[in-house]
Amino acid sequence: MPTLSEAASRRIVEDAGVAVSPWTTAADIGSAEEAAASLGLPVVAKLCGDAIAHKTERGLVRLGLSSADEVGAAAADLLAAARPEDGEVELLISSMVRGNRELIAGLIRDEQFGPCVMLGLGGILAEAVADVAFRLAPLERADAFDLIDDLGAQSLLDEFRGEPAVDREALADTLMALSRIAENTHIHSVDLNPLIVVDGRPVAVDALVETA
Amino acid sequence: MARDLTPLFEPRGVVVTGVSSHPGKFGFVALHNVLSCGFSGPVFAVGREEGEVLGHPVLASIEALPENQADLLVLCTPAGANEGIVRTAAARGVRAVFCAAGGYSEAGPEGIEAEARLVALADELGLVLAGPNGQGVVSTPAGLCAQIVAPYPPRGRIAVASQSGNFVSAFLNYAGQTGIGISRAVSAGNAAATSVADYLEWFAEDDETDVALCYLEGLPDGRAFYERVREVTRRMPVVVVKGGTTSGGQRAAASHTGSLASDDRIFDGMARQAGLVRAATIESAFEAAATFATQPLPSGNRVMVLTTAGGWGVVTADAVTAHPDLTLAALPDDLRTAIDGMLPPRWSRNNPIDLAGGETRDTIPELLDLTAAHPEVDAIVQLGLGIQGNTASLTRSGPFHPDHGLERIVDYHERQERRYAAAAAAAADAHGKPVLVASELAVARPDNPMVAAVRDSGRLCYPSADRAVTALGHLVRYAARRRART
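Line by line, the protein sequences give chains U and V. So the first sequence is residues 1 to 212, counted in this note's numbering. So the second sequence is residues 1 to 486, counted in this note's numbering.
So that you can see chain U by itself, here it is in the shape it has in the complex:
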């Protein structure tokens, strides 16, 4: 299945109502620096293109850039790392948001059951821990809350290391947004990974949409 760039993916999930970290795109080093200044430092810079689905594996994500010089150097590196097979690329500059808790949410289309919304524990241990649960789209709001309740690590959703409890209404909003995206049959899958919990509210800092 073909994937969309992070920028195109962000537009789709944002339109549906997913909270994403503040962001903009930039075509060159100068506009990357301007974007960083207007978003406020620190920022994240990424190389962005339809064919680039696995940015981290290729080292195309630069985190915690806290000066104009760092942004400029990162932008130059990223543009230089583009390969011919990546096709058209641009830079994606987003605010560096922080939180101790990472979730993952997404949408898949299952052969037997059709569109399904997923919620799970995110972070580097996500696959090993595999604390995830599914519901079939379309979700009723009560289904979204049940899905949140299905996570094994409920204590992670309470107050945690000085951070407030996860806002279940806001998290349900995210899940309902994914459910709405499922109505668009041109979209095969969505990945919000990670979904960082910032002051209790889930914020997607990356998005990947696969089209059918």
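There may be inaccurate statements among the hints.
Unchecked claim - Quick partial rundown of chain U residues pointing at chain V, CB under 7 angstroms, derived from the structure:
| id | residue |
| --- | --- |
| 1 | Phe113 |
| 2 | Asp131 |
| 3 | Phe134 |
| 4 | Pro138 |
Derived from the structure by calculation, the hints contain no laboratory data. This structure is a prediction, so every number in the text was calculated from the model and none was measured. Virtual Cβ for every residue (Gly too), placed ideally from N, Cα, C.
For chain U, the structure is supplied; the task is to place chain V on it using the hints.
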């Protein structure tokens, strides 16, 4: 609106094909079972040779079937013969077919074609078609045992639909063991025309059924199953046990979500969303269904544990506390005060309510009623019964009975056990709350008078507190969903 399966489960008469005098053949067994379990309508046997089998006349051809007497045709004839038989039977007034015969889609390309023709024929003739390649159909209100296998279960309120015939038998065996009976049971076989969802929809409209129990393996159209069963569960609990839960594996997908999506995780989410009661094992599925069939739905999740002595209460409190859907009730002050007046001070004065052996003749029946009546208690698990019955058993079989006053004490112990079991059932009935009695004696000594009396009260004696807590958790979860969603 459910498809009308009445002619399958409530036929006026039954005709069995493939009947021969060989008692090992399916046709013989099916005829034997139909004739042996109390079916009161006319029964017709069709075989290759005219004569008698089991003293019952055998028709040499389906052509000889009288008109409008049999609704149900049970096919034990080879696949090649069945289309002609079905057409003739339909002309004689048959409205439902249970095809026990194999040789259909489970048997390669020719079988797939034969099955498609059979389905098309049933559609054309407006027949209910169950199977093929299934073990049969049971309907206790009709006294019907149209199966090529045993057993025939006691009558009750659980309806079974299974994608595996052997698990129909397993559930019916548990019904026989526990006395918690069955209303209808069907082996879906290849489910060519009638699927588990069709059966569930009909069960939900069936006055003889309070709860459905099903075994599932594959759901080729899972989405349609979901859409249909979520409506069924608004009306009736549906207990599901799923085979083949570990085959998921990882799928090739660009997304992380895709790689975390195993078949079982999605099935589990679907089951919860549809309001299905998903049990982990065959025996816990039966116990969940038996609990729905015999206990009131609780109106909350606060569980009180009653025990005659210590250890049982402790492990049960652990199990309740660890269960995500249950809460160990706080012992209300007024109940504590009331119990203080009934027991010596060594009782636990907490939940679990542990009598610490301080009970006298009427304590347990009174305490069961008092606890069940309390508005801050939603359900009770009663432990530690059967001790007196156990003592009575050893005493009765020992060398000193009935002398030395033993006859009298044995009678007393046995009478007390029967009182306890009756009190548990009466407390559940009077206050509309589940009261579950658990004891290893349920399987270790089913002849124990307490176990026998629980059975006589129409309730399940749970073989362990863990199993009682698991069943209760299913009840509480389903009841909470019913309250939230309707």
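Here is how each hint holds up against the structure:
Taken as an interface hint, U/Phe113 checks out: its beta carbon lies about 4 angstroms from the nearest beta carbon of chain V, inside 7 angstroms. The closest approach between the C-beta of U/Asp131 and any C-beta of chain V is roughly 10 angstroms, which is over the 7 angstroms cut-off, so the hint fails. Among the interface hints, the one on U/Phe134 holds; its C-beta lies about 3 angstroms from the nearest C-beta in chain V, closer than the 7 angstroms criterion. Of the supplied interface hints, the one on U/Pro138 is violated, with its beta-carbon coming no nearer than about 11 angstroms to a beta-carbon of chain V, more than 7 angstroms.
Consistency note: the structure conflicts with the earlier hints numbered 2 and 4.
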